[in-house]
Each structure stands twice: as structure tokens, then as C-alpha cells.
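Novice: This is what each chain is made of:
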Amino acid sequence: MIKDEKLIFELSKSGLQGIDLNSNEFDNENIKEYIPDKFLRNKEAKLPEVGQLDILRHFSALGRMNYDLSKGIYPLGSCTMKYNPVVNEQIGRLPKFANIHPKQPIGTVQGVLEMMYNLQLYLSSITGMKQTTLQPAAGAHGELTGMMMIKKYHQNNRDYERNEIIIPDSAHGTNPASAIMAGFKVVEIESGENGLVDIEKLKNVVSNKTAGLMLTNPNTLGLFEKDISEIADIIHDAGGLLYYDGANLNAIMGVSRPGDMGFDVVHLNLHKTFSTPHGGGGPGSGPVGVSQKLIPFLPKSVVCKDKNGKYFLQENNDVSIGQVKAYYGHILVFIKAYAYILALGEEGLKESSMQAVLNANYLKNEIEDNYQIVSTGFCKHEFVVSGLKDKLSHVSTLDVAKRLLDAGYHPPTIYFPLIVPEAMMFEPTESEDKKSLDELAKALNCIAIEAKDNAEIVKNAPHTTFVKRLDEVKAARKPIVRYLD
Amino acid sequence: MIPYLKITESERKEMLSKLEIDNMEELFNDIPKKLRVNKKLKIPNKMSEIELINHINEIGKQNVSTDDVISFLGGGVYNHYIPPMIDQILMKPEFYTAYTPYQPEISQGTLQAIFEFQTMICEITGLDVSNASVYDGATAASEAMNMACNHTKRNKILIASTLNPETKNVLKTYAVCQDIEIIEINSVDGVLNIDDLEQKMNQDIAMCLVQNPNYLGQIEDCEKIEEIVHKTKKTLFGIYSYPMSLGILKSPGELNADIAIGDGQCFGISQGFGGPHLGFMAAKKNLLRKLPGRIVGETEDKDGKRAFVLTLQAREQHIRREKASSNICSNQSLLALANTVYLSMVGREGFKKLAIQITNKAHYLQKKLLLINGVKLKYDGPFFNEFVIEIDGDIQNVLDELFSKGYYGGIKLTGDENKNCIMIAVTEKHTKNNLDDFADALEEVLS
Numbered sequence: 073m074i075k076d077e078k079l080i081f082e083l084s085k086s087g088l089q090g091i092d093l094n095s096n097e098f099d100n101e102n103i104k105e106y107i108p109d110k111f112l113r114n115k116e117a118k119l120p121e122v123g124q125l126d127i128l129r130h131f132s133a134l135g136r137m138n139y140d141l142s143k144g145i146y147p148l149g150s151c152t153m154k155y156n157p158v159v160n161e162q163i164g165r166l167p168k169f170a171n172i173h174p175k176q177p178i179g180t181v182q183g184v185l186e187m188m189y190n191l192q193l194y195l196s197s198i199t200g201m202k203q204t205t206l207q208p209a210a211g212a213h214g215e216l217t218g219m220m221m222i223k224k225y226h227q228n229n230r231d232y233e234r235n236e237i238i239i240p241d242s243a244h245g246t247n248p249a250s251a252i253m254a255g256f257k258v259v260e261i262e263s264g265e266n267g268l269v270d271i272e273k274l275k276n277v278v279s280n281k282t283a284g285l286m287l288t289n290p291n292t293l294g295l296f297e298k299d300i301s302e303i304a305d306i307i308h309d310a311g312g313l314l315y316y317d318g319a320n321l322n323a324i325m326g327v328s329r330p331g332d333m334g335f336d337v338v339h340l341n342l343h344k345t346f347s348t349p350h351g352g353g354g355p356g357s358g359p360v361g362v363s364q365k366l367i368p369f370l371p372k373s374v375v376c377k378d379k380n381g382k383y384f385l386q387e388n389n390d391v392s393i394g395q396v397k398a399y400y401g402h403i404l405v406f407i408k409a410y411a412y413i414l415a416l417g418e419e420g421l422k423e424s425s426m427q428a429v430l431n432a433n434y435l436k437n438e439i440e441d442n443y444q445i446v447s448t449g450f451c452k453h454e455f456v457v458s459g460l461k462d463k464l465s466h467v468s469t470l471d472v473a474k475r476l477l478d479a480g481y482h483p484p485t486i487y488f489p490l491i492v493p494e495a496m497m498f499e500p501t502e503s504e505d506k507k508s509l510d511e512l513a514k515a516l517n518c519i520a521i522e523a524k525d526n527a528e529i530v531k532n533a534p535h536t537t538f539v540k541r542l543d544e545v546k547a548a549r550k551p552i553v554r555y556l557d
Numbered sequence: 011m012i013p014y015l016k017i018t019e020s021e022r023k024e025m026l027s028k029l030e031i032d033n034m035e036e037l038f039n040d041i042p043k044k045l046r047v048n049k050k051l052k053i054p055n056k057m058s059e060i061e062l063i064n065h066i067n068e069i070g071k072q073n074v075s076t077d078d079v080i081s082f083l084g085g086g087v088y089n090h091y092i093p094p095m096i097d098q099i100l101m102k103p104e105f106y107t108a109y110t111p112y113q114p115e116i117s118q119g120t121l122q123a124i125f126e127f128q129t130m131i132c133e134i135t136g137l138d139v140s141n142a143s144v145y146d147g148a149t150a151a152s153e154a155m156n157m158a159c160n161h162t163k164r165n166k167i168l169i170a171s172t173l174n175p176e177t178k179n180v181l182k183t184y185a186v187c188q189d190i191e192i193i194e195i196n197s198v199d200g201v202l203n204i205d206d207l208e209q210k211m212n213q214d215i216a217m218c219l220v221q222n223p224n225y226l227g228q229i230e231d232c233e234k235i236e237e238i239v240h241k242t243k244k245t246l247f248g249i250y251s252y253p254m255s256l257g258i259l260k261s262p263g264e265l266n267a268d269i270a271i272g273d274g275q276c277f278g279i280s281q282g283f284g285g286p287h288l289g290f291m292a293a294k295k296n297l298l299r300k301l302p303g304r305i306v307g308e309t310e311d312k313d314g315k316r317a318f319v320l321t322l323q324a325r326e327q328h329i330r331r332e333k334a335s336s337n338i339c340s341n342q343s344l345l346a347l348a349n350t351v352y353l354s355m356v357g358r359e360g361f362k363k364l365a366i367q368i369t370n371k372a373h374y375l376q377k378k379l380l381l382i383n384g385v386k387l388k389y390d391g392p393f394f395n396e397f398v399i400e401i402d403g404d405i406q407n408v409l410d411e412l413f414s415k416g417y418y419g420g421i422k423l424t425g426d427e428n429k430n431c432i433m434i435a436v437t438e439k440h441t442k443n444n445l446d447d448f449a450d451a452l453e454e455v456l457s
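Heads up: the protein sequence lines correspond to chains A and B, in order. Using our numbering, the final residue of the first sequence is 557, and nothing's skipped along the way. Using our numbering, the final residue of the second sequence is 457, and nothing's skipped along the way.
Treat each hint with caution, since some may be false.
[As the list claims (entries may be wrong)] Here are the computed lysine to aspartate or glutamate pairs in the EDC-like style, where the Cα-Cα straight-line distance is at most 20 Å:
| # | chain 1 | residue 1 | chain 2 | residue 2 |
| --- | --- | --- | --- | --- |
| 1 | B | K333 | A | D92 |
| 2 | A | K365 | A | D390 |
| 3 | B | K50 | A | D332 |
| 4 | A | K168 | B | D97 |
| 5 | A | K78 | A | D109 |
| 6 | A | K422 | B | E21 |
| 7 | B | K163 | B | D189 |
| 8 | B | K43 | B | E21 |
| 9 | A | K115 | B | E233 |
| 10 | B | K442 | A | E97 |
| 11 | B | K16 | A | E423 |
| 12 | A | K463 | A | E423 |
| 13 | A | K273 | A | D309 |
| 14 | B | K442 | A | D126 |
| 15 | B | K422 | A | E262 |
| 16 | B | K244 | B | E191 |
| 17 | B | K378 | A | E105 |
| 18 | A | K422 | B | E35 |
[As the list claims (entries may be wrong)] Sample of chain B residues with no beta-carbon within 12 Å of chain A, all distances over it, derived:
| # | residue |
| --- | --- |
| 19 | G85 |
| 20 | T149 |
| 21 | R164 |
| 22 | D206 |
| 23 | T242 |
| 24 | L322 |
| 25 | L381 |
| 26 | G384 |
| 27 | G403 |
| 28 | D404 |
| 29 | K429 |
| 30 | N430 |
| 31 | S457 |
Everything labelled a hint here was simulated from the structure, so no lab data went into it. Nothing here was measured: the structure is a model prediction, and the numbers come from that model. The C-beta atom is built at its ideal place from N, Cα and C for all residues, glycine as well.
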């Protein structure tokens, strides 16, 4: 039974403190001799005053209100909620890596640079790209970085008219947002059958304004773009570059590589494909791999190795797009991805991808009697359904998702991709076995029966969760984004 | 055998037979042969867990951490004390393995924690609203720049030349994309040149951004700056804060800033060779709907019970696509939790006292260092925990010798203006002995 938990501010009792950090040697409170009064704060920050035990209890209570991977399957499409190996949580906190300052002399950071150098190599090899930067902080940040490089590449060729990025309507929302943020115009193209690129339509929109195409492969319906080589030719012949959104790389690790498909830029999500935890929304990490011609434009700084085997940060490149974040990226995330790759090896990565694909197809097969399958044929690591097959009950995708909460499962991604009405996108990942897939399928099929027999119970779900459906309109209309006593 | 999978060969066969295929390869028949991987990747053979840990420890040995020597490095990343409570909480699977809280009914823990984080950021900065965090301080500054330009429909911003170079670099990268012009205000005596600000301020300026204390550790006269900036209608005043200093220094809110940004690394996050850290963004309430990134709001469920939810999502990329206020689709959620636990631990009184202790220690060290022959104070304005000294001698040599005595002596500054200068940062982790011994060591090196 989960109990309500007050806000930490409501637990506050005047005079309490959770930790003693005082110094006996420096107890002088009179700092006015150092800092003039006019610079000193008058209105204090009202932070909570809570003892240590209640802090532990408070945050533990908050934890109990969350669904998480230790409770069960997390079949969110395009999110790759695979198991986050526990050992990597230790590795990511080793003092020899966690407690290094970014401005230390290069000779004192050879270990962390070696790890980064190796990770760059491994990721380049997995994606088939020539070089990889680890700097971007997340997938969307990687997209932005890639877009900036494409822009700089064209500008460097004095090709200033190329300001259009072509994006299929099935793409992730970050794609158009990233292209705009990098200063491009977005040209959306309607998908063809199965959400695949419609070659004729693509031919119609390419021009001497085409800077590039952003594509996810397999696409957001979980289907492989089998004509990818032709698509690459069309874009390249028009003078554009090909961008690979790596959100779905978990389908093809060790099986097929974006670089071999003709992609010029690839971003990865270490927090998806390479098992680093999502942390409730971050920190992630979004390395970007590039083909030979884009290497000069990589953000500063790539880790290199000199003839004597010494690692250093490459700084002197005047056509680089510059720096996309402070320092070198999310180092303590890299090390977890690095550990994951080493624990699996090439065979293990490939087996994981294949299992992920098998699991998706198996789950799809188990629910196809009741749900309208959109991803026909064999899918890759994920698939999309367009709500319940039986439309008479008027039970929506949102209702099904909320009813799944009652069954104790995290729902799939819903209402995405936008091209599928009532979309539900399932990605079970390789971490699950037949039994957990059977159980999820059973829950989904039960809901389909309920929708016929007792639609109201589905429409009013969830019934058993800690809170019921929320008033999201109220939250947005009169936003309260902080506690006020 | 992959310990991260839990499927047996016989289960696999059962699943394959349901799909009426013989092996997993058949699921990939739609990928053209020429696009299949046909040679070995450049990845080492798999390692057992023990081999893995040995390997990581082995390369870790080549790092000299700030536990191995006494560090006076700062410049935006500081070696503050991190209470063990933080990892105790962060290592709960309930937090680290959870996804973005899109399903609020089963994510109230993450949502409430972010709501508490936002409240703490508002309290510390003295501003009305906060988002759920962005990647780091430098990208927070860049998001603030984009936001200010959108809000004012202008495309120029002023920045103090005393901004952290890392922040400046990232701002420049982002600005190019949006055709934003960044104009630097020069400095005199290590602080912003007020005359230059007055000259460069005009109605085309979307925002004036200063760092306080600035990169050189000096406290800026933000009241004066604010007065000049806000003389121009609509121009926003942004302050990049070192939030640890806000235990004693005037908050951005008290200084009438419109936007406050900064990096939360100092609140319970490892230095980590520069990341991951956390960027915070707070603003006056009129800017709430212009803020980028995730925001958690309070609401109620259908039974009237208080609950929290991601709100104002109409600003965001998954709804607005190319019209979104930013492409960001995450926050540094787990690190926002680290900040929240940290600030809960330190508490109302502790937050002030800690800043006072750090101020005292830094000033104690500065006084000691200035007694040494060959050491001069570079900038003599008020400061919090970081200051610049000029040294009579080859700086690299001095730092190398200090290292051989067990110290990272500080950051070697670059540029003509700061030739022969080291920037030294002090935190609460330094003991009186550390400070005394460091002064002795420097004296020895210089004698």
C-alpha cells in the first residue's frame, strides 16, 4: 500500500538540519569585512529543515510511487527500456573517474581519455562511421549537433542556398525541432505504405535547396527501409546529406550498419541502445558518428592518440562547429555504455538485437487477434497497432493504456507515430523472456475483452493506482510550478 | 550466455515456432544482403564481470583524481563534499531505472521530486518559476539566449567578457544557427566595464547576460548593471549564478533579473571530468510559457487528490514539432534529484552557513598566499570562493612543481590580460591544514 507523501517543505520543522558540515576552524560568521553589505542577500532561501532519517524516509516514499524496471516490463516504443546492469551503477561511480576535474593536466587523465577513445572506436565500428564525438548530452542534442555539422558542411562548400531538411511525417518530434533550432527549414514528406519513405514523393521534393534528409531506420513503425540505398542515392545525387536518427539502433546492432547504408551522420542514444539508465528523464548521452567528409566539422573536442600512445584532446580545427556543451560530454554515462559493450562483445550485442526483434514479433503475434496491427510482416525491435480491432466499444488507446496500469504494467508509447490513429507502439526489448511477454499479452487481451463486456471499467481506468487520472487541463491553465506556503 | 538476458534456447525455439520460422536470422530477411555486417567489428572479446571490473580499475589507475591530491581547481566545476545519502537515493531502481514521467499515475515519485527541485531553484534564485533542468550551465545559457530572442523578437545579446569561456563557446555555437549576434562587454579590473555596457546597450538587445561571481571569481555590481539594462524597454537581464554562492550573495530575484541560470554540479554531483552535470533555469513568471524543457505542475486527480504532472507541454517538440520552443526532450532528472536531496540535507540554515564557511576559508587562503614573495593579487574586488593571483615565474613550472608536492594548484589562465595568472578555488572540503600546507608549498616552489 502506497501512502501519500507530503512535500519535503511540509515536513520542515524550524531548527532541524539533515547534515552537519560546520567547521570548527572557520566559525567566523562575520563576512561583512570581506564582502560589502550591498552584495549580500537579504531574503533567505526557504529550504526545508528536516532531519536525516526523515529525508531518507521521504525520498524512499517518493520512490515507492514510481513504476520502474525492477517492477516489470517497460514496453515503451522508441525508448528501449532494457535492463540497466547493476554493476555499471558501481562502475559509473568509481572515484578514479567520478572525482576528476575537467581542467586537470592531460597527463593525469589518461585513463578516462583511454576509455573515451575506445568508446569512440567501438561506436564508430558498430555504426560503420569514421569518427565519433561523445560530446552531445542526449539524443536530441546529438540531432542538433548533427544538423549543425550538415549546415557547416554546406556553408564550407559555399552552398548557402541549401537550407531545407526533409523529414518524413512518421519521424520523432525532435527531428523537426532540431532542424529548426539549427536554422533549417523543414520539408515534411508524407510516408508511403507502412510508414516507409515514398520514393516518388522524395524525388519530387529534393532540389538544390536540399541540405539533407533525417531518417530513422528501422522506422517508427519498426520496419526496415529496404530501399535505403536508393534513398541515399537520391539525396546524395541532389547534393544533400543523410542523417540517421539512432533511436532504433537496438534493432540492428551487429547486423547492419548505418554507415554501410549511406548515412553521413548518426546519433546514438547510450541510454537506449547501450543500457545506461534513463534516470526518470536523464542524464542521457547522444554521441554522433560521421562519415569521412564530415570529420573536420565535428564539435570540439575528439579524443585522439599520438604516436607514443598518449591520449589528447584534438582542439585545432577551424571549421569545427565549435563546442555544443561545456567540456567533453557525459563521462559517467560513457563509462556505463563502455562497460556494457565490453560485457557483451560483438556476439552479445548482435544476440541482444536479435532477441529484441524476436520479442517484438512474438508479442505482436500474441495480440494480433485483438489489436489492429499496423506494422505488417516481420517487424524489427518494435511495432505499432492502431488501437483495438473492435472499434464499436469506443475504447481509446488512452483508455487501454490506463487500464494496463491496473494490471501492473507500464503502457507502451501512445499516440505516436502521428501518422497512425490511436497508435500504440510496443518495444519489449531483449531483456524480457517468453513468460513476461505472455503475461503482458494476456493483460492486453483481457482488456480487449473488457472493452466489449464492460467498457466503462476501461474508460475510467486506472482504478488501483496511487492517483487516478489527472486534470491536465487545470495544470496547464493555471500553472503551479512551485510550492508556496 | 549473456547474463543480461533471461531467455533459454528452448524458449527461443518455442517462440520461433509460433512465428513459423526456424531461426532468428529469418527476421532480418528484409535487410538486403549487401547491407549486412560481413566482417568482424572492432570490439574486444566479451569480458566476465570480474574481468570487466579489473579492466576498468586498471585504466582508472592512470587517472590522478582529486582524492589523490589536494585540488584548487574550479572555474565552474568544484570539488564540494557529497553526502552519501545522495547515492543511497539515486541508486534506488525506483529512480534510476524509471522513464520520463509521461504516465503520471505511476510516476508521482519522479514528478514530486522535480516539483520540489523547481521550488528549491525558485527559492535559491529568488525567482518565480523554474523548469525541470537542462543539460548543463552552458546549454542553459544558450537556451536562455534563444528564449530571450524569441520573447523580444530581437537577435542581439550582450554578454560580459567575464563569462566562463566554456559558456561563451557554447553560446557562440548556438548563436550561429539562429543568426544571433553576440556582443561582448569588456572588463576593467576583472569586472564588467560599466561604460562599455552603457555604450553597447540599445533597443536591439534581447538580453544582457552576466555571470556572478564572474569567471575570475569577482562579484559584479549587478545592481548597477540591472539599472542600465532595464532602462531599455523589454531587454531582459540574465544572471549566470554559481548557486553555492547564493547562500550569502544577493539572489538574481533580489537583483531584479528576469532569468537566472547556472550549473547545479555544486549541489551533490561529482565533477566527473565535466559531466554529467545539470543546468537550471529560473525566470520571472511572465516568461513561464517561454521556458524551454520539461516543467512539472501541480494539479489534482479526479478524486480531488493533489498530484503532479508534466505541464505546458504545448511548448514542446513532441506536440509542436518544428514550432517547439526547443528541441530538448529530457531533463537531467536523476541529477535534479541529487540537487533536491542535497539541498534537503543542507537545509535553510546550513545553506547560509556553508557559504559563509567557504567565504572564510577562501579569504584565509588568499591572505596567506599574498604573504609569499612573488605572489601578487591580480584582482582585488570582493569575491566568494575563487580568486586570481599573479606569479613571478613560469606558471606551468609552478603548477608542475605544486603537482609533484600533491596539489592541483589551480587553473592556469590564458590570454594576455591574465598572463602568469592562476585561478584558485576553495571549498568546504579544504581544511585549515590543507590551506596552510598549500601556502607553504607555493612558497617553497617560488623560493
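Novice: State for each hint whether it applies.
Specialist: Taking the hints in turn, this is what the structure says about them:
Annotation: proposed proximity of B:K333 to A:D92 is violated, straight-line Cα distance about 48 Å (limit 20 Å). Of the supplied pair hints, the one linking A:K365 and A:D390 holds, its CA atoms being roughly 15 Å apart against a limit of 20 Å. Pair hint B:K50 plus A:D332 holds up; C-alpha atoms about 14 Å apart against a cutoff of 20 Å. Only pairs whose Cα atoms come within 20 Å are accepted, and A:K168 paired with B:D97 is accepted, the gap being roughly 16 Å.
Distance restraint check for A:K78 and A:D109: the Cα-Cα separation of roughly 37 Å exceeds the 20 Å cut-off, and the hinted pair is therefore not satisfied. Proximity of A:K422 to B:E21 is assessed by CA-CA distance (about 18 Å); at most 20 Å being required, the pair is judged to hold. Proximity of B:K163 to B:D189 is assessed by CA-CA distance (about 12 Å); at most 20 Å being required, the pair is judged to hold. For the hint pairing B:K43 with B:E21, the CA-to-CA distance comes to about 28 Å; that exceeds 20 Å, so the pair is violated.
Of the pairs offered as hints, the one joining A:K115 and B:E233 holds, with about 16 Å between alpha carbons and a cut-off of 20 Å not exceeded. Distance check on the hinted pair: B:K442 and A:E97 sit about 7 Å apart at the alpha-carbon level, within 20 Å; holds. Between B:K16 and A:E423, the direct Cα distance comes to roughly 12 Å. Compliance with the 20 Å bound is thereby established for this hinted pair. Annotation: proposed proximity of A:K463 to A:E423 is violated, straight-line Cα distance about 38 Å (limit 20 Å).
Proximity of A:K273 to A:D309 is assessed by CA-CA distance (about 16 Å); at most 20 Å being required, the pair is judged to hold. A hinted pair counts as satisfied when its Cα atoms are at most 20 Å apart, and B:K442 with A:D126 does not qualify at roughly 33 Å. Under the criterion of a C-alpha separation no larger than 20 Å, the hint pairing B:K422 with A:E262 is inconsistent with the structure, at around 55 Å. Proximity of B:K244 to B:E191 is assessed by CA-CA distance (about 18 Å); at most 20 Å being required, the pair is judged to hold.
About 17 Å separates the Cα atoms of B:K378 and A:E105, which keeps this hinted pair within 20 Å; it holds. A hinted pair counts as satisfied when its Cα atoms are at most 20 Å apart, and A:K422 with B:E35 qualifies at roughly 11 Å. Distance check on B:G85: its Cβ comes as close as 6 Å (rounded) to a Cβ of chain A, failing to clear the 12 Å threshold; non-interface status is violated. The claim that B:T149 is not at the interface with chain A is violated, since a C-beta of that chain comes within 12 Å of its own (minimum 5 Å).
A cut-off of 12 Å between C-beta atoms confirms that B:R164 is not in contact with chain A; the least separation is 17 Å. No Cβ of chain A comes within 12 Å of the Cβ of B:D206; the nearest lies about 21 Å off, and the non-interface call holds. Its beta-carbon lying about 23 Å from the closest one in chain A, B:T242 satisfies the requirement of being farther than 12 Å from that chain. Its beta-carbon lying about 6 Å from the closest one in chain A, B:L322 breaks the requirement of being farther than 12 Å from that chain.
Under the 12 Å C-beta cut-off, the non-interface status given to B:L381 relative to chain A holds; the minimum distance is some 17 Å. At roughly 22 Å, the least C-beta separation between B:G384 and chain A is larger than 12 Å, which holds for a residue marked as non-interface. With a least CB separation of 18 Å from chain A, B:G403 remains clear of the 12 Å interface cut-off, as annotated. With a cut of 12 Å on Cβ distances, B:D404 stays outside the contact zone with chain A, its closest approach being about 15 Å.
Remark: the non-interface label on B:K429 is consistent with the geometry, its nearest Cβ contact in chain A lying 18 Å away (cut-off 12 Å). Consistency note on B:N430: stated as away from chain A, and its beta-carbon is indeed over 12 Å from all of that chain's, at 17 Å minimum. Separation of B:S457 from chain A is adequate, the least Cβ-Cβ distance of about 23 Å exceeding the 12 Å criterion.
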